[in-house]
Amino acid sequence: MRVLSLVGAAISLLWAGALGAQPLPASVEAEAPQPQLRPSPWRVMGAATGYWRLDPNYTAFDDIAGGPTGGVAVQRDLTDSFGTWALAVEAGYQFGRVRGSVREVWATQMSQHMFELSAVLRWQPLRWLTPYARLGGGAGYFSGAVSPYDNASDLEFGDWHPAAQGGLGAMLWSPRLAGNARWRALQLVFSVEGGFLWTPSWSIALAPPAAAGGSETRVSTQGTAMGEVSATAPYLRFGFGVAF
Amino acid sequence: MNPKNLLSLAVLAATGCIDRPSEFDVVLNASAPVVVGTSLVYLDAPTARARVVTLSTPESPGVRVLAVGANPTLIETRAGTPASAPEALVLSRGRRDEVGVSPEPGSLTALAVGDAPTARRYVFSSPYNAMAQSPDGRFVLAHYRPSSSADRLLFNPNEISLIDLAAAPGATNPSTRTVRSFGGIPNRVVFAPTLNIGGVAHQLALVFSDAYVTLIDLNNPQRNEITVRLTLPEDPRAILPQQAVFDLEGATIYLRAQSSNDIYALRLEPVTPMAASDNDYRPSINQLAAGQNPSDMALIGEPANRRLLVVSPGSVDARVIDARANTTLRVPLSAQADKILLFEGVSPRENAVRPRALLYATNGVTAVSFLELNDLEARQSQNVELVPLQRSIRTALPLLDRGVVLFGHPTEASAAGRGAVSLLDLGRRTAAPIFSEVPLGNARFDHDRTMLWVAPQSGERLGYIDLRSFRPGELRLDGVVRDVIPLGGGAGARSRVVALHEARDGWVTVLDASDPQRSTARSVRGFLLSNLLSIGAE
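Sequence order for the protein chains is W and Y.
Here the first sequence is numbered in my numbering, starting from 2 and rising by one per residue.
Here the second sequence is numbered in my numbering, starting from 8 and rising by one per residue.
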């Protein structure tokens, strides 16, 4: 809930900034012409994403099936940044870790490292509000461990899996904070996005951790398949960053 | 509505979409495994599942999860099944109805754990907590064990159900009845081998109760049971039957009972039944004196001259009882004995292979007695030879085809420098100590009986003795070894042993029994977690 409170405060600030930024009077422009501002095609954003996993098996690793992730993303406009429609490409990375338990004798955990590449199409009816649609794909490295409470050694798993996502959202832009003929304009950007992440179901193959002294120090060991799980989930993402 | 409330609503709606499977929160409580063919079968009682770990190819072990009846309480390997079609038997007590939970009757599930696993379920209404199998594995008798709660408001402890595993489940299979009671309840069930009574083969089950025995004809379950009292009605003693020995040719059952100095001989005579529910045999009982506190008995002699050898530690003697002639021969011993081990072999004074007996005690006596069984009536105590061991015996592992018996001694013996294990050569009658830092309680022979395996229960080393050379060895594994189990290798396959490690998720190491090495060992880990995520979807 702390995240949501912070997000609420950020929305309020941006709205206040946007509504308070009145257009400059024409007479002032005539009296003192300003250098034309260059567009801000780059954006660097941090994001917090909440997922609501649809696979009940995911609860074996996450007691609430909705652990948040954090991440960073870089966007670059491919078309005119000031056009009514703008197309951008985004590269992002997200990280999250969830914890759970199964059958009262094992603690579980799963980490997610997701690398994404997305196309973002913006509609810009207003300078301060730009709805957008995202379509992307990538790959995630999902790893984790099952740890017995009796202090026996862990069993681990980890593998790469493809992922795809699509979503709809809106960006709120602050007034330009800086900018001149030599420097691009600097703006704050806040985004809210709802969407859907899809991953295939994959088999959790448990195995003991690698032996410290190499494989020859341990008897050859066969792990086991715990079953299948999918990280498919609707999500809600909040982003905050700068455009320049 | 402000954005914060909207977000809260969205979170609530989304988190309400899925439910965590209840099986994920059921505590794991897996039983010790039983060996079924080349598989280990674990009973996961809280989820009513059997987990079958197939180790015929340790490089690629298979794990399957099979459903059994609710509240499973016992698992056993079915006796007598061929190696190609091994089965496990799971006795389930069923489930009472509760809010949101449907009731389920008790059942016996026969799990075929071969390549194509199948399950047959025999349902009965009672929540039995004990079962006994006939030696050929065809019949199972489910009953109540008196020491356990039935977990029901009312139950009839003398109710039993007979299951014929050779027939499909049906209206008359299982057949349920209440055995006649004189105030007691069944303590134990023993199946007799096929007895020839008046030229007719009979398979009988003996239900041991306090002071009486009930005989049930397995081939004719519609017939009345026969109850034989071991005491007079006015005798208040609790005579608890302990052991039964069967004279197949003589159609005689010998019973030894706790708190009785007598042996009870039940001779089964053929009779002509008058009704369909009548039996075609009738027992006659003969009570034979057997010294003080008889503790073991065995049949000796040829079929035409069958006699019963009994050891009685209270009177420090052995007795040879001829039930037909109603005679008893007392043979005094120099040392108490409470166990009999019959064997055929030579002696230091005679190279002829003859039936002989080793008499030993597990109550602190430090010597064993050899008893020559030939010409015993004439020579009596001259046929007894005392062999001192200087250590008391805790356990005995006979290896008769190699002519030795492995004795486990109290661990104090090892501390005193005399060895915790000794090998008694039955032919030479010499005892050689082997030093062991672990008790022999968990020692197991492999299937070839060429190696004896010892699990230390507290260390990572597995001990073994090569019985071809009596050379001991040990092998370091990667985890604490709790137990060791020999595994049938199947036709033409190498025999293997399985070391069970301490791990809640299931961890075993499979070894070549004839050539144990780390390089050829294979561990399987985590199989109790196998398919865990699929249980909720079943």
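In case anyone wonders, no lab produced these hints; they're calculated from the structure.
The C-beta atom is built at its ideal place from N, Cα and C for all residues, glycine as well.
Please note: incorrect hints may appear among the correct ones.
[Claimed, not checked] Beta-carbon label-pair distances, calculated as ranges: (1) Arg-98/W - Gly-466/Y: 48 to 56 Å; (2) Gly-87/Y - His-162/W: 33 to 41 Å; (3) Arg-98/W - Phe-477/Y: 50 to 58 Å; (4) Ser-204/W - Ala-74/Y: 17 to 25 Å; (5) Arg-100/W - Gly-480/Y: 41 to 49 Å; (6) Gly-71/W - Gln-464/Y: 45 to 53 Å.
[As the list claims (entries may be wrong)] Pulled from the structure, derived: some chain Y residues nowhere near chain W, Cβ distances all over 12 Å: (7) Asp-32; (8) Val-33; (9) Leu-169; (10) Ile-492; (11) Gly-513.
[Stated by the list, open to error] Partial selection, computed: residues in chain W whose CB lies under 10 Å from chain Y: (12) Ser-102; (13) Glu-105; (14) Trp-161; (15) His-162; (16) Ile-205; (17) Gln-223; (18) Met-227.
Here is how each hint holds up against the structure:
Between Arg-98/W and Gly-466/Y the beta carbon distance is about 36 Å. The supplied range of 48 to 56 Å is therefore violated. Range check, Gly-87/Y to His-162/W: about 49 Å between beta-carbon atoms, so the 33 to 41 Å window is missed. The hinted range of 50 to 58 Å is satisfied by Arg-98/W and Phe-477/Y, whose Cβ atoms lie roughly 56 Å apart. In this structure, Ser-204/W and Ala-74/Y meet the distance hint of 17 to 25 Å, their C-beta atoms being roughly 22 Å apart.
A C-beta distance of roughly 44 Å is found between Arg-100/W and Gly-480/Y, which places it inside the suggested range of 41 to 49 Å. For Gly-71/W and Gln-464/Y, the Cβ-Cβ distance of about 48 Å falls inside the hinted range of 45 to 53 Å, so the restraint holds. A cut-off of 12 Å between C-beta atoms contradicts the statement that Asp-32/Y is not in contact with chain W; the least separation is 7 Å. With a least beta-carbon separation of about 6 Å from chain W, Val-33/Y fails to lie farther than 12 Å from that chain, contradicting its non-interface assignment.
Remark: the non-interface label on Leu-169/Y is consistent with the geometry, its nearest Cβ contact in chain W lying 37 Å away (cut-off 12 Å). Taking the minimum C-beta to C-beta distance to chain W, about 17 Å, the non-interface status of Ile-492/Y holds against the 12 Å cut. Non-interface call for Gly-513/Y relative to chain W: violated, since the shortest CB-CB distance, roughly 8 Å, does not exceed 12 Å. Of the supplied interface hints, the one on Ser-102/W holds, with its beta-carbon coming within about 8 Å of a beta-carbon of chain Y, less than 10 Å.
The restraint placing Glu-105/W at the interface with chain Y holds, with a minimum CB-CB distance near 4 Å, inside the 10 Å limit. Proximity of Trp-161/W to chain Y is violated relative to the hint, the smallest CB-CB distance being about 20 Å (cut-off 10 Å). Given hint, His-162/W at the interface with chain Y, is violated; its Cβ is 15 Å from that chain's nearest Cβ, farther than 10 Å. Checking Ile-205/W against chain Y by beta carbon gives a least distance of about 7 Å; that is within 10 Å, so the hint holds.
A cut of 10 Å between beta carbons decides the hint on Gln-223/W: the least distance to chain Y is about 5 Å, and the hint holds. Of the supplied interface hints, the one on Met-227/W holds, with its beta-carbon coming within about 5 Å of a beta-carbon of chain Y, less than 10 Å.
Hint compliance for this structure: hints 1, 2, 7, 8, 11, 14 and 15 are not met, and every other hint is.
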